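J.: Here are the chains, one letter per residue:
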Amino acid sequence: MAILETRALNKWFGGLHVTGGVDFALQRGEIHCLIGPNGAGKSTLFRLILGEHLPTSGQILYEGNDITKAKSFERIRRGISVKFQVPGIFKALSVRQNLQIALQHHCPPAELDGEIDRLLEFLKLTEARHQLAGNLSHGQKQWLEIGMAVGLKPRLLLLDEPTAGMTPDETAATGEMVQALNRDGVTVLAVEHDMAFVRQIAHKVTVLHFGKIFAQGTINEIVADERVAAIYLGDATHA
Amino acid sequence: MTVLFSIFSFLYQTGDAFAFLVLSACGLAIIFGMMGVINLAHGEFIMCGAYVCAAAARAGLPLPIAILAGALAAGFAGMVIERIIIRPLYDRPLDTIVATWGVSMVVTQGTLILLGSTMPGTGTPFGSFTVGPYSYSVYRVVLMVAALGTLGLLWVGFTKTRFGVLARATIQVPHIAQALGVNTGLVYSLTFGLGAALAGLAGGLYAPTMTLVPTMGSAFVVEAFVTVVVGGADIFLGTAPAALVLGAVKASLTSWQGQLAGQIGLLVAVIIVIRILPRGISGWILRERT
Amino acid sequence: MQGTNSLMKTLGLLQGPQTLGKGKPFWSAFTLVVALACAYPLFADGYDVGNNVYFFNWAFMALGLSLIWGYGGTLSFGQTAFFGVAGYTYGVISINFGDAYGLTIFALVASVAAAALLAAALGYFLFFGRISGVFLGIVTLSVTLVLERFMAQTAGPEWRVGAARLNGYNGMGGMPSLTIPWFGSDIVLFPDVQLYYFTLALLIACYLGLRILVNSRFGNVLVAIRENPQRAEMLGYDIRVYQLVTFIIGSALAGLSGVLYTSWGNYITPASMGMTAAALPIVWVAVGGRSDLTTTLIGAMLVLAGFQALTIHGSQYALVVMGALLVLTVLIAPRGLVFGLGTLVAGLVNRKPKRQGE
Numbered sequence: 001m002a003i004l005e006t007r008a009l010n011k012w013f014g015g016l017h018v019t020g021g022v023d024f025a026l027q028r029g030e031i032h033c034l035i036g037p038n039g040a041g042k043s044t045l046f047r048l049i050l051g052e053h054l055p056t057s058g059q060i061l062y063e064g065n066d067i068t069k070a071k072s073f074e075r076i077r078r079g080i081s082v083k084f085q086v087p088g089i090f091k092a093l094s095v096r097q098n099l100q101i102a103l104q105h106h107c108p109p110a111e112l113d114g115e116i117d118r119l120l121e122f123l124k125l126t127e128a129r130h131q132l133a134g135n136l137s138h139g140q141k142q143w144l145e146i147g148m149a150v151g152l153k154p155r156l157l158l159l160d161e162p163t164a165g166m167t168p169d170e171t172a173a174t175g176e177m178v179q180a181l182n183r184d185g186v187t188v189l190a191v192e193h194d195m196a197f198v199r200q201i202a203h204k205v206t207v208l209h210f211g212k213i214f215a216q217g218t219i220n221e222i223v224a225d226e227r228v229a230a231i232y233l234g235d236a237t238h239a
Numbered sequence: 240m241t242v243l244f245s246i247f248s249f250l251y252q253t254g255d256a257f258a259f260l261v262l263s264a265c266g267l268a269i270i271f272g273m274m275g276v277i278n279l280a281h282g283e284f285i286m287c288g289a290y291v292c293a294a295a296a297r298a299g300l301p302l303p304i305a306i307l308a309g310a311l312a313a314g315f316a317g318m319v320i321e322r323i324i325i326r327p328l329y330d331r332p333l334d335t336i337v338a339t340w341g342v343s344m345v346v347t348q349g350t351l352i353l354l355g356s357t358m359p360g361t362g363t364p365f366g367s368f369t370v371g372p373y374s375y376s377v378y379r380v381v382l383m384v385a386a387l388g389t390l391g392l393l394w395v396g397f398t399k400t401r402f403g404v405l406a407r408a409t410i411q412v413p414h415i416a417q418a419l420g421v422n423t424g425l426v427y428s429l430t431f432g433l434g435a436a437l438a439g440l441a442g443g444l445y446a447p448t449m450t451l452v453p454t455m456g457s458a459f460v461v462e463a464f465v466t467v468v469v470g471g472a473d474i475f476l477g478t479a480p481a482a483l484v485l486g487a488v489k490a491s492l493t494s495w496q497g498q499l500a501g502q503i504g505l506l507v508a509v510i511i512v513i514r515i516l517p518r519g520i521s522g523w524i525l526r527e528r529t
Numbered sequence: 530m531q532g533t534n535s536l537m538k539t540l541g542l543l544q545g546p547q548t549l550g551k552g553k554p555f556w557s558a559f560t561l562v563v564a565l566a567c568a569y570p571l572f573a574d575g576y577d578v579g580n581n582v583y584f585f586n587w588a589f590m591a592l593g594l595s596l597i598w599g600y601g602g603t604l605s606f607g608q609t610a611f612f613g614v615a616g617y618t619y620g621v622i623s624i625n626f627g628d629a630y631g632l633t634i635f636a637l638v639a640s641v642a643a644a645a646l647l648a649a650a651l652g653y654f655l656f657f658g659r660i661s662g663v664f665l666g667i668v669t670l671s672v673t674l675v676l677e678r679f680m681a682q683t684a685g686p687e688w689r690v691g692a693a694r695l696n697g698y699n700g701m702g703g704m705p706s707l708t709i710p711w712f713g714s715d716i717v718l719f720p721d722v723q724l725y726y727f728t729l730a731l732l733i734a735c736y737l738g739l740r741i742l743v744n745s746r747f748g749n750v751l752v753a754i755r756e757n758p759q760r761a762e763m764l765g766y767d768i769r770v771y772q773l774v775t776f777i778i779g780s781a782l783a784g785l786s787g788v789l790y791t792s793w794g795n796y797i798t799p800a801s802m803g804m805t806a807a808a809l810p811i812v813w814v815a816v817g818g819r820s821d822l823t824t825t826l827i828g829a830m831l832v833l834a835g836f837q838a839l840t841i842h843g844s845q846y847a848l849v850v851m852g853a854l855l856v857l858t859v860l861i862a863p864r865g866l867v868f869g870l871g872t873l874v875a876g877l878v879n880r881k882p883k884r885q886g887e
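Chains as they are written, first to last, in the working numbering: chain L, 1 to 239; chain R, 240 to 529; chain S, 530 to 887.
Just so you know, the hints here were simulated from the structure itself, not pulled from any lab data.
Model, not experiment: these values are computed from the prediction.
Listed next, the stretches of chain S that the computed footprint assigns to chain R, with coverage defined by at least 3 CB atoms under 8 angstroms from CB atoms of chain R:
1) 662-670
2) 678-690
3) 804-817
4) 850-856
Non-contacting residues of chain L with respect to chain S, defined by C-beta distances greater than 10 angstroms in every case (computed):
5) R28
6) H32
7) I67
8) F122
9) H193
10) K204
11) K212
12) G217
13) E221
14) A224
15) D225
16) V228
17) A229
18) Y232
Glycine is no exception: its CB is placed at the ideal position from the N, C-alpha and C atoms.
Model the full structure from these sequences, guided by the hints.
T.: What follows is the structure in C-alpha cells.
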C-alpha cells in the first residue's frame, strides 16, 4: 500500500513549470531514491510534500488522507519528518538541547532524558553532547539533523542529499544508519546525487527530468537504461 | 456639476496623498531593496533636507535650488553615516536597523540642542486656485508633479545606467552584486547616499508646507514605513502602486472622517493587507518567482 | 507527593540553558542583591525611595522586550504602544470607578489585559500573515506612533470616557494611585516605601517567573524558532502560535509597566508612545544583552540610572548619549555590554570546578 501518493501534481513559478503532472507513489517500507539532473524538480517535489510550497494543481495523499493543503507542522505531526540539505540545526544551542527540542513534543517527560541519551549513542554524539551544535564537524551536523528528524519517530522520512559534503566513510555510516531505521519500519524517500550511496540503500529509484517522471525501477534497471544515461550526459555537456 | 467637483476634489486628495507617500517612501525603499535594511534615521534625513532647504531659501536662493541643496546635503550626510556606522555592519542587517535608530536619536536631539525647538520656515509659494466651491493649493500640484518626476528620473536611472541595472539586479536577487565581483562597498555607499538624498528631497519639497521642528521626520516615517511594507522592495512594481492604492484609501478616509482617520485607517488597512499578502504588492506581482 | 514533585521540577527550571547564572555563586549573589534592595528603604528617606521606584516601573517592559526580541527573535519596536494603552486604560478605569474596594487593583488587571488583547489582535495579523523580521519591527513602530498621534489630538472636551478627560498632548492626570484594600484602612501606594516593596515584589516574581518560562519546554521551542524557524516548524511546532503567545506575554509586561508608571506619577502623556519613548527600551535591552533576562535587567537599571543622572543635572545631552550608546553597543558588543561581561565572569567561575554541573 502506498504511504505517500501524488496525483497530477503541478507547480508553476510565474512562467516556469517546475513539476509537470507528477504521479508518484511511495510504498510503505521501501527506501526510495529520487535522482535527476539539476533543475529536474526534485527539491520542488520535496517542498510540495512538506507543504513549504502549495501545488498549483493536483493532490498529495499521505496514508490515504489528503494533505494537499495541510500546514507543514501538521504534516510533521502526522508522521512525516525531514532532513534538509544544508544542515538545519540550532547552531547556538547545545547538541543535547537540539535533540531535546526535537523529542519533547511527543516524548513523555519521564522518558525524555533516557531517550535523548539513547539517540546520542545512536548518532555517535555522546562525547559532544554539551558542545554547541554550530561547532560540530560537517558530518556530525548532518547526523545530528538526522537524529532530530528520527527523534520524531516518523513513519516517513525525507532526506534531501543526506550525504552532501561527507567523506566516503561518513557516507557509508550514514547509509547503515538509514538502513537500520528502515528495518525498524521507517519508509525513506531520499534525493541523492551520490550513486554509490543510492546503490547502497535504494530499493527503488525514480528519475525526474524537466519536472516529469522519466524512469522508475531498481538501481540496476536505471543504470542500464540508455535514455537515463543520455539525460545525465546531456546535463554534463550543458554544465 | 457638484459630482464633478467632488470627483476633482477626491482626485486632488488622492494625488496629494500619493505624492506624499511616494516622496516619503522611495528613499527608504531603495535602501531596503538594495541592502535589506530599514533605515530608521530616514525621518532625520528628511528633516535635514527640510532644514537645509529652508536655510538656503531664506539666504536668498531660489526655492528649486534650495530644495536641491537640501537633497544634496542629506545625501552627503547619508554617505558619511554609511561610511562610519553602516559599513562595519554589512553582514548584520538587523543590527544595522538598530544602529540607525541610535543615529536617529542623536540627530533629533542634537538638532534640538544646536538649532533650538523650531526653525523659521519659508512660506508656501504660488497661492491657490479654485475649482467649483473648493480652493486648492498650487504648490500641492507642484508636489504631485515632483513625485511623478522623481519616479521618472529614477526609472531612467535604474534602466539606463550601470549602477541602476546593478541595483535592480540586487533588489531582485540579493547578494548578486558580490557574485558579480562588483565593489559592493561603493554600490552600498551610493545606495545609502541616494536613499538619503531622496529623503532630503522629500524634506526640501515639503519644507514650505510645514513647521520645521527637530522631530518633523516622524510625521513622514509612518507613511513611508507602511508604503514600503505594502509595496515591498521594488520601487516601480511595489512602492509606486502601493502609494497609489494607499493614497486613494487615505484620501477617502480623510475626506470622510478627517486627517487622523486617514492615518489610522492607512495603518489598519496595511495590517490587514499583510495578513493576505505577506510579501507585499511587488511580492504578489512577482509571485513565487524564486 | 505528586504536587511537591512537580513544584520541585518547576523550581528546577529557575536555572537552565537559556539563562545565565546557576548554582551557589549565582543564587548567593541574587539573594544578596534582593536583601540589599529590601534593606535600602531603611537607609533612605521615603521620598527618595518613592522616586526610585521609577526605575522598577520600566523593568517590566525591558523584561518583556527581552523575551520577545532576545529569546523569540521578533523585532518589536513598538512596545510603548502597550505601555501607553495600559496606562491610559488604567487612568480611565480608576478615574471613573475610584480607589475604594480594591478597584484600582481591578483597574491594573483590566489594563494589563487590554494591552494583552491589543497584542493578541495585532500579533494575529502579523504572525499569521508570516511577516518577516524587519517588517514586523516597522509595523509595530508605526502602531505606537499612530497611537501617539491619536492621543495627541484628544485635547477637546468631547474626548472623554465617563469622567476621564483624555486631554490631548498635555496628557491625562489625576487618576488615583494603586490602593490595596486592607483591614482597617486601605494601603494607598503613594510613591513611598509601600509602593517600593510592592513593585519590588512584583519585579522579583516576574523575573523568576520568566526564568522558569524560558527554561521550560516553551522556552526551548522559542529559542529554537529564533535560531532556525524552518527547522522548528519541521519538527512539528506551529511557530506562529509560539511567537504570538510570546508577543502577548511580553506586551502584557509592557502594559504592566504602563500601569505602574501611571499610578506612580498619577500622569500619562501621548509622548510615552512616541519615537523617543519607543527607542529607549531598545537601548536598555540592547546595551544589557537582550538574549538574557538577567543582563537585560542589569543593563536596563544601569542605563536608566545613567539617563536619570544626566537629566537631573539638566543636561539635554541625555538622549544624545542614549543614541550614541546604542550605536556603540551594536558596533562593539552586539550581544550587549553586560552580557559580554557576564559570560566572561561565568567563564572564569566555571573554569575551576570543571564538570561539576551536568
